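> As a plain string of letters, each chain reads:
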Amino acid sequence: MATGSGTSTDRRTWRRPTAFRNRYTKWAVYGAVLALVVWSVASLRITPGRFLSGLGYGYDLIDSMLPPETGSENVARLVDRMIETIAMAMIATVSGIALSLPVALGAAENLSPRPTYYLSRGIISVSRAIDGLIVAIIAVIALGFGPLAGIVAISFKTIGFFSKLFAEDLEDVDMGGVEAIEATGASRFQRLVYGVVPQVVPRFAGLAVYRWDINIRSSTIVGIVGAGGLGVLLQRSYSRYEYDYVASILMAIIAVVLVAEVVSAVVRRRVQ
Amino acid sequence: MLETENLGKTYPTGDEALRDVSVRIGGREVVAMIGPSGAGKSTFVRCINRLVEPTTGRVRLDDRELTGLGEDELRNARRDVGMVFQEYNLVERLTVMENVLSGRLGYVSNWAALRRDFPPEDVERAYELLELVGLDDMENKRVDELSGGQRQRVGIARAVVQEPKIVLADEPTSSLDPETSRDVMELLTDIAVDRNVPVVINIHEVDLAERYADRILGLHDGELVFDGPAADLTEESKGVIYRGEEPPEATTRIGTSEPTDAEATGRRAEPEPLSAED
Amino acid sequence: MAGTTRDWTRFDTRERLFRIGSVVVAAAVVIGSWEWLDMSLRYVSSAPLQVGDLLGRMYPPDWGYLPNAVGPLAETIQIAVVGTIGAVLMAAPVAYISAENTTPNRATYALGKLIVTVSRSVHTIVWALLFVVMFGPGALAGTVATAVRSIGFLAKLLGEEIEEIDFGQVEGVRATGAGPFKLLVYGIVPQIKPALVGVSVYRWDINVRAATILGFVGAGGIGVQLFEAIDSFAWRTVSALLFAILAVVLVSEGISAYARRKVR
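Taken in sequence, the protein lines are chains A, B and C.
With the numbering used here as the guide, the letters of the first sequence map in order to residues 1 to 272.
With the numbering used here as the guide, the letters of the second sequence map in order to residues 1 to 278.
With the numbering used here as the guide, the letters of the third sequence map in order to residues 1 to 264.
Take these hints with a grain of salt, some might be off.
To be verified - Restricting the straight-line Cα-Cα distance to at most 16 Å, the calculated cross-link-like pairs of lysine to aspartate or glutamate (EDC-like) are: (1) K164(A) to E242(A); (2) K193(C) to D62(B); (3) K141(B) to E163(B); (4) K113(C) to E261(A); (5) K165(B) to E92(B); (6) K165(B) to D207(B); (7) K193(C) to D231(C); (8) K238(B) to D194(B); (9) K164(A) to E253(C).
To be verified - Distance ranges between label pairs, derived from CB positions: (10) E160(C) to A35(A): 53 to 59 Å; (11) E160(C) to A98(A): 47 to 53 Å; (12) E182(A) to R261(C): 54 to 60 Å.
Simulated from the structure, these hints should not be mistaken for laboratory data.
Predicted, not measured: the structure shown is a model, and the values here were computed from it.
Every residue gets a Cβ at the ideal spot worked out from N, C-alpha and C, and that includes glycine.
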């Protein structure tokens with residue numbers, strides 16, 4: 001019954017099996033990670049002294065932020081920009097999703113030919129990899145200051161997110177139904193409308209609302225580079241050292257983001 | 001020798017789960033505790049090592065009173081009580097060996113525990129126990145890869161590697177199929193004899209209790225209503241335990257609470273009619 | 001029979017009304033938004049042309065510039081590494097107090113949720129603005145901004161993981177006589193380790209992306225070079241840098257996906 005125990009009376013040893021290929025790989029990986037961290041901390045010149053003196057200035061910063069600015073003129077400007085923020089997010093969501101639809105179709109493995117598939121996946125990767133603010137700066141330079149640049153930037157970011165997730169839903173479509181419609185002699189377009197669309201409408205609505213929520217967040221900050229919304233005010237008051245107004249703007253941003261999150265959660269629950 | 005004296009537990013919700021339970025368990029007897037669900041069986045074993053804090057009464061293991069011990073002393077005392085659980089309560093993402101060795105946690109430093117650096121004799125003992133429970137060469141498997149029966153064997157090995165003065169098993173067979181249940185019961189009874197420790201088993205299958213136990217404790221509604229050799233468990237006493245019927249005088253021996261003959265003879269009640277009750 | 005049919009129909013009508021209603025409201029809000037923003041159609045319709053013109057000036061990319069970008073790209077990754085580690089260290093206690101089953105009391109629970117909300121609602125670039133005031137321009141401000149921004153994300157996901165813990169496993173270890181530290185190491189850590197590693201690596205990958213823009217407010221990373229190039233209208237340098245950023249982001253995404261697949 002006991003294997004091996006009869007051959008020797010030596011005490012057996014046990015070492016925890018490693019998740020890596022062997023112990024040397026394990027130490028190599030740990031060593032590499034540790035070296036990366038040490039190198040990073042060293043070359044970023046992060047020292048306790050700098051850190052602590054920064055915390056001291058942090059106290060001054062908070063002190064100058066309190067109490068937040070509540071002058072009626074400034075609050076009126078704040079409300080104006082809040083509405084602009086929300087409006088930008090609305091338009092950008094609609095235009096972004098409109099642009100996403102062909103990309104999503106192209107990126108669904110089961111619906112599109114190979115070259116289109118790779119092209120669409122490429123667009124998605126680029127859109128996801130480049131940060132929204134970089135896109136916003138380029139848009140500001142091409143189109144000038146104002147909400148249009150923001151809308152273009154947010155729409156561009158929407159394409160990567162929405163197309164990727166919606167393409168996954170399209171790939172999950174039950175092809176049996178689509179084939180049945182194809183068998184009636186339907187065209188490619190008819191197959192989409194009758195076979196695919198009814199299956200994906202609920203997910204589409206859910207994703208759209210989810211992305212709207214994210215777009216509200218982006219919309220609050222693209223103004224930092226001049227692309228409209230609350231960020232414009234933030235950048236302006238920051239560069240004038242009006243930290244008490246900065247505090248009011250930050251609270252407005254948090255409020256807008258939270259409300260959007262709640263609305264999005266409620267609507268998505270309703271849609272499911 | 002485990003001794004409880006008027007052990008009682010009332011939960012904050014007001015449920016009186018256990019009332020005045022006094023027993024003495026010693027030697028190498030196998031004690032089955034039976035009773036309907038909600039009778040307090042699980043509360044009783046958990047009160048012994050104070051996973052559930054008893055509200056009244058006392059628990060004594062050998063010469064040490066467990067009730068009233070401070071945190072550190074309680075942890076030391078728990079090392080002497082091996083426990084086997086219904087849902088195994090193994091750490092699923094750790095290996096079989098780590099789970100067995102965790103039975104020795106009370107004896108090693110934090111640093112050694114972190115590095116899984118257990119003394120060689122603990123490792124050797126763990127290997128031997130894995131062979132005993134039939135899990136040779138499984139030491140590096142993760143517990144979440146095992147079947148229910150295999151998990152319960154790991155659970156038993158973890159309890160026994162503690163070298164406990166008593167083993168408590170809380171419904172060790174409830175999650176297992178009948179055949180595996182019998183294997184586990186046999187394993188527990190063998191351990192009582194081989195390791196010379198008493199084993200207390202909560203169980204709701206009366207036939208398993210009668211077949212494997214030397215002595216039976218019957219709980220009804222938190223009260224001890226039967227305490228005697230398995231052979232004395234009659235239909236009437238089952239009625240008392242399970243339906244709360246009035247006890248007919250002769251059969252119950254509440255209050256005597258003496259270890260059964262098994263302690264003296266070293267033999268558990270004969271599990272002979274192997275096929276009859278299956 | 002007829003009654004049940006009628007009931008069911010009425011419900012369907014109400015559902016349909018709700019759907020039509022929400023579409024109408026959404027459409028009205030979109031149209032209202034358009035009016036509010038007051039953008040002329042001619043201006044908007046010229047946008048593709050303008051953007052196309054700019055993209056034309058970016059071609060061909062000035063690959064010769066890229067050797068200068070290696071250092072800043074490395075700094076971008078370093079900011080993400082240190083920022084993520086700092087965030088994990090700070091997020092662990094926050095996760096502990098924002099999980100319903102481990103938080104000591106209502107006040108700590110509320111505090112945990114507050115930290116999570118504020119950290120998540122304020123964008124990295126805004127945190128960077130504030131920390132540049134505190135720590136001065138440079139990678140330190142960017143690193144702290146990255147860390148603070150990540151706390152909420154990490155604490156939220158880890159807190160949810162803690163709420164899922166199986167306490168039976170902890171009880172099993174407790175019964176052997178293990179103290180608090182050993183309970184943590186044997187009973188709790190193995191249960192949350194895969195989530196901890198997975199979520200941290202995932203956040204690191206997000207942080208690499210986020211760190212590319214810190215330079216805009218002077219908080220270090222490749223963004224410093226990128227925005228200098230934009231300011232001096234060196235469009236061919238900009239496109240080369242964008243490709244470099246794309247490559248770094250895609251590689252870190254690959255590493256992150258691989259690591260998350262390996263840990264379970």
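> Run through the hints listed earlier and report the numbers of any the structure violates, in increasing order.
1, 2, 3, 5, 6, 7, 8, 10, 11 and 12
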